[in-house]
Every structure is written in C-alpha cells, then in structure tokens.
Amino acid sequence: MTTNTETANTETTAGAPEIRVRDLHKSFGDNEVLRGIDLEIRQGEVVCVIGPSGSGKSTLLRCVNLLEEPTQGQVFVGGTEITDPDVDIDAVRRRIGMVFQQFNLFPHLTVTENLTLPQRRVLKRDKAEAARVAAENLQRVGLAEKATAYPSSLSGGQQQRVAIARALAMGPEVMLFDEPTSALDPELVGDVLAVMRMLANDGMTMMVVTHEMTFAREVADRVVFMDGGVIVEEGAPAQVIGAPRHERTRHFLSRLLDPATAEVGETPERMDKAGR
Amino acid sequence: MSETKTGKKGKTGETETTEATAGAQLQPRRRGLTRRQKRAASRGLQYVVFVAAVAALAVTADWGGLRNQFAQSDLAGQMFPDIITLALKNTVLYTVSGFVFGLVLGMVVALMRLSSVGPYRWAAGIYIEVFRGLPALLIFIFVAVAVPLAFPGTEIPGGTYGKVALGLGLVSAAYMAETIRAGIQAVPKGQMEAARSLGFSHARAMVSIIMPQAFRIVIPPMTNQLVLLFKDSSLVLFLGVTLEERELAKFGRDLASQTANSTPILVAGLCYLLVTVPLGFVVRRLEAKAGEATR
Ligand SMILES: Nc1ncnc2c1ncn2[C@@H]1O[C@H](COP(=O)(O)OP(=O)(O)OP(=O)(O)O)[C@@H](O)[C@H]1O
Ligand SMILES: [Mg+2]
Chain A
1 MTTNTETANT ETTAGAPEIR VRDLHKSFGD NEVLRGIDLE IRQGEVVCVI GPSGSGKSTL
61 LRCVNLLEEP TQGQVFVGGT EITDPDVDID AVRRRIGMVF QQFNLFPHLT VTENLTLPQR
121 RVLKRDKAEA ARVAAENLQR VGLAEKATAY PSSLSGGQQQ RVAIARALAM GPEVMLFDEP
181 TSALDPELVG DVLAVMRMLA NDGMTMMVVT HEMTFAREVA DRVVFMDGGV IVEEGAPAQV
241 IGAPRHERTR HFLSRLLDPA TAEVGETPER MDKAGR
Chain B
1 MSETKTGKKG KTGETETTEA TAGAQLQPRR RGLTRRQKRA ASRGLQYVVF VAAVAALAVT
61 ADWGGLRNQF AQSDLAGQMF PDIITLALKN TVLYTVSGFV FGLVLGMVVA LMRLSSVGPY
121 RWAAGIYIEV FRGLPALLIF IFVAVAVPLA FPGTEIPGGT YGKVALGLGL VSAAYMAETI
181 RAGIQAVPKG QMEAARSLGF SHARAMVSII MPQAFRIVIP PMTNQLVLLF KDSSLVLFLG
241 VTLEERELAK FGRDLASQTA NSTPILVAGL CYLLVTVPLG FVVRRLEAKA GEATR
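Read top to bottom, the protein sequences are chains A and B. Under UniProt numbering, think of the first position of the first sequence as 1, with each following residue one higher. Under UniProt numbering, think of the first position of the second sequence as 1, with each following residue one higher.
Hints are computed from structural coordinates only; laboratory data are not their basis. Owing to the predicted nature of the structure, the values given are computational and were not obtained by experimental measurement. Even glycine gets a Cβ: it sits at the ideal position worked out from N, Cα and C. Each hint should be verified, as a subset may be incorrect.
Selected chain A positions facing chain B (in silico; Cβ < 7 Å) [said to hold, decoys possible]:
1. Leu67
2. Arg94
3. His108
4. Pro118
5. Leu253
6. Leu257
Pairwise CB distance ranges (calculated) [said to hold, decoys possible]:
7. A:Ala91 <-> B:Val207: 16 to 22 Å
8. B:Ala186 <-> A:Arg250: 41 to 47 Å
9. A:Ala91 <-> B:Leu239: 35 to 41 Å
10. B:Leu114 <-> A:Asp88: 21 to 27 Å
11. B:Val96 <-> A:Ala144: 41 to 47 Å
Start from the sequences and build out the full structure, keeping to the hints where you can.
Next up, the structure:
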C-alpha cells in the first residue's frame, strides 16, 4: 500500500506475482465457461479484463477469491495456492478485496457500521481501532460526511465508494472489481473511477473487469481481452485497445465504440461510458 | 336511498348524466338508469339487507336472558384483580415462553431446511409438515402423555410452564421455520457474497449479516404468530393445572361453572381482545411500513 507512486502505473514494475492463475477451467453443468485460463498479475499491477457479455470475465474474477469453485486448475494469491482443499479460504479472502457491480452494502447498517462490523467480526479489531480505520478509509473515498447515513440514502456512486472503502478497511493485498460502474448513472461514474485511479496510484494490485475503455487505457498496466472462456490477447492498453492483433478483439472494440453496429443486448450506456 | 346517494354527489353526478345521455344514444337502456345509478341502487339494497338482519337479530334475541347469563356486573367485579394478576399474567407467560422456545427451534429448523446436508433438509421438512398438519390440541396431549412415557423418570423442567412452552413451541416452530426460511431467502444473494468476500465464514455471515436482515422481513408475520399463540395458550386447559397456574380461558371457565353463570367467560374474552386487538394493529402498521420500505 505504501509502494511509491512513481513505480506504479509503469510497464516495468517488477513486483512478485500477486495473482497466478494456471490452466483454470470452470463449468456450470455442461456449460464450460472458462476453458483454460493462464494469467499472472504482479504486485502493484493494474489489469483490466475486457470482453463481450458471457465471455466468463465475472466467473474468472470470482474464481480468484473462490466465490466460484474452479472445476480444474490452480489459483495462487500472494504465494498461497487457494485452490488447495486444505487452505483456510476465509483467511485468504481477508487478503482479497472485492467490489461488486451491485455494491452489496449491508442495508441494515450505517456507512460506518458497514466498515466496522467486518473488521470487528473477521479481523477481531477492537471498537476504537475499527472506527479509526473506518474513518480513515471513508476520508480516502471522500465520504467522511456520510459516516452516519444509511446506504439507501446514498447515490449509487456514493454507495460504490463506500463499498470500496469497506473492502479497503480490511487491508487487502489485492482488489478485484467486477464492472464497478456498470450499474451507475453516467454522471456518477467519474467519482468512482477517480477513487480507483487513486488506488492504482497508491500501488494497489488491481484486477478490474470493466467496459470503461478510457479508464483501461489510462490506468491499466495491462489489458486482457477474453472471449468464449479463453484469453484471446493481452498486452499494454495502447496495443490491445489501440492496435488489437486479433480479429475478435477488433470486432469487440468496434462494436463497443460504434453503437450503430452494436448487437441487441449490448446496453447503449456502456458505449456512452466507453466514449467519454 | 339510491336517489339521495347520487343526488349528494353533485358535480360528479352532473358529468355522469352527460355521459349517460351520450351513452343512451348509442345503447338504449330500460328505465333510463346509468350504470352508476344501478351500482348505487345495489349498494342501497345491501344496506337495507344488513340493517334488517341486525334488527331481526336484535329483536329476536332474548336480551334479558343474555344479560343475566353474560353481564352480571357484580360477578364481573369479583373476578378482579385475579383475572389480571393471575390469569392474564399466566396467559402472557405461557405465550412468551412458547414463543421464545418456538423461535429458537424454528430458527434451527429453518437453517436445517436450507442446509446443504440432505438428511437435515429432509428431517426439517418432515417436522414442518407434521407439526403444521396436526391440531395444536393433539400436540398438547402428546406432550402431556408421550414425553413422560418416552423418557421415564425425567420431568419436563419448569413443570406446567415447561410443558406449555414445549407444546406451544413445537406447534409454532413449524410455522416460524417456514417464515424464517422465506425471510432468509428474501435477502439478496449478493449480501452473502459480499460477506464471504470480506472473510466472514458462512455461519458468521448468516448470524451477523443475513439473519438481522431476515428478521426485519419476518417481524410482521412473527407478530401475527404471537397473536395465534396467545389464543392457543388456552389449550393449557387440557393439561390439568393447579389453581395458581390457570390462565384466562381456564380461569373463566372454572368461575363460570362455580357460579353457573357465563359472565366470567365474557370477561376473559375481553381480556384476550385487550391484547390481540392492539397486537393486530401493530402487525398492520409493521406491514404497511415494510411495504413502504421495499418501494
Ligand atoms: N452460477 C451460474 N450458474 C450457471 N451458469 C452461470 C453461472 N454464472 C455464470 N454462468 C454462465 O457463465 C457464462 C459466463 O458468465 P459470466 O458472468 O462470467 O460472464 P461475463 O463475461 O461476466 O458477462 P457480463 O459482461 O454479462 O457480466 C454465462 O453464459 C453465464 O450464463
Ligand atoms: Mg459479469
């Protein structure tokens, strides 16, 4: 977390591998959603995962903290093989923050309680310590004044920033984001992306499933394009987004950037966001 | 009657007639009644029937006899304060202990019903079906007779209070289990996923995150359950209780047979209403509030 800003956001960051995915397969019944994924994310690296709907992006992300049980293959986080059946998954998940498309704040708790309850129950921090960490992280996402509010009284953008603060309060080594801005009104997207940008600059290791091409281009160290349960291509954002090598990537990006050729089902607001 | 009704409506009545004349040209109508007027006439008829029925009951009933049998004020006066300090207190005690026991058991059964372990699910399912399908009275008799037989030498702790808590608890647990299960399932799946991703174990997430939300959802039906239990506590009648253990129904009935007069039954009934009517009001308020919250 204290990694220098200048080492972050550069191609040459030579951190140890924080996430390593090896030959990962995942099936739901007969439906093979992931068909052999190999991926490495180094410490402090920001990797954006892009791809069409149903390509398995969420499933991959959820396999990295075992919200989905892989059918085959291995996942390592910070050197621990989390797919090892003997590993204490709750202990591993404490080190991995996750942010969902639908925020998933606890609606019966205030903003502060959303941040303190997990610290107290899971990390066994005492009341004062948990409150201090909560205040610090709310400050970080710019929502200190909402400490006593309930989630339902916040805008979507504010809720998502609280969700990020809640994950950060656990002191994770890695943050996973699953389309964190897809459920937001367009005018609220910017605040959430700004918080994520700040995290990236602070040297957080991040894996971000997103349709925000501008964000991917500016913040990601690497972009991974997935289609049909495999990684089709990966590389620097300028290369994958700017000069894609594969036809499928080109096709996906052209649909994303030009609404006229979009298939039914690709939501128009995604194009809007991609265009900003 | 129907004429005065439509007459009172004033403005709306006028627009009706314009509509009616417009409609009359398209569809000639017998007796020139609009649809609204017909509806008003039918409503008027219903009033008449209702008033006539009430009047007939009032006239034919033997009020003097009823008053003698049910409303002897001196007899009613004698029941106080015991009916409150003893009978109502016991009714409340039986109800609360049955409710608490039922709630704990119901929670366990609900969690078993949702378990990934097959036998737990089946056992919980059978329990729910059996105890929802049996009359509460049979369960009371079962508790009084079968439990001492099944576990000879063991007394149910708490004497009558324990037996009643067990009987009422066994009945209500089956209903509560289904209510709690529905409540748990009404909590969005993302809540469990968020909790797990923060490092909560499944059990801890259930207790700290899911259950508190489920309970908010089930408060109105649970309060309803409390009303049902309050009435079902009258089944203690069949357990054979000491004088000090009598609740409202038994207290009223004993006194009624001693005095050969039914006034105590009426007073006991009023005591039930004293509690159930406000509780029912609370339920409706909670339901209205819950409806607002989900909007
Ligand atoms: N729990 C599940 N049970 C069965 N099938 C599932 C489940 N979760 C995902 N799938 C299937 O897996 C496939 C990939 O889903 P996934 O959510 O990973 O796609 P995605 O790339 O995240 O798409 P999107 O951009 O729409 O979020 C889809 O066909 C989906 O129907
Ligand atoms: Mg997805």
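We went through each hint and held it up to the structure:
| no. | hint | verdict |
| --- | --- | --- |
| 1 | Leu67 | 6 Å, holds |
| 2 | Arg94 | 4 Å, holds |
| 3 | His108 | 5 Å, holds |
| 4 | Pro118 | 4 Å, holds |
| 5 | Leu253 | 30 Å, violated |
| 6 | Leu257 | 31 Å, violated |
| 7 | A:Ala91 <-> B:Val207: 16 to 22 Å | 19 Å, holds |
| 8 | B:Ala186 <-> A:Arg250: 41 to 47 Å | 45 Å, holds |
| 9 | A:Ala91 <-> B:Leu239: 35 to 41 Å | 52 Å, violated |
| 10 | B:Leu114 <-> A:Asp88: 21 to 27 Å | 24 Å, holds |
| 11 | B:Val96 <-> A:Ala144: 41 to 47 Å | 44 Å, holds |
In this structure, the earlier hints numbered 5, 6 and 9 are contradicted, and the remaining ones agree with it.
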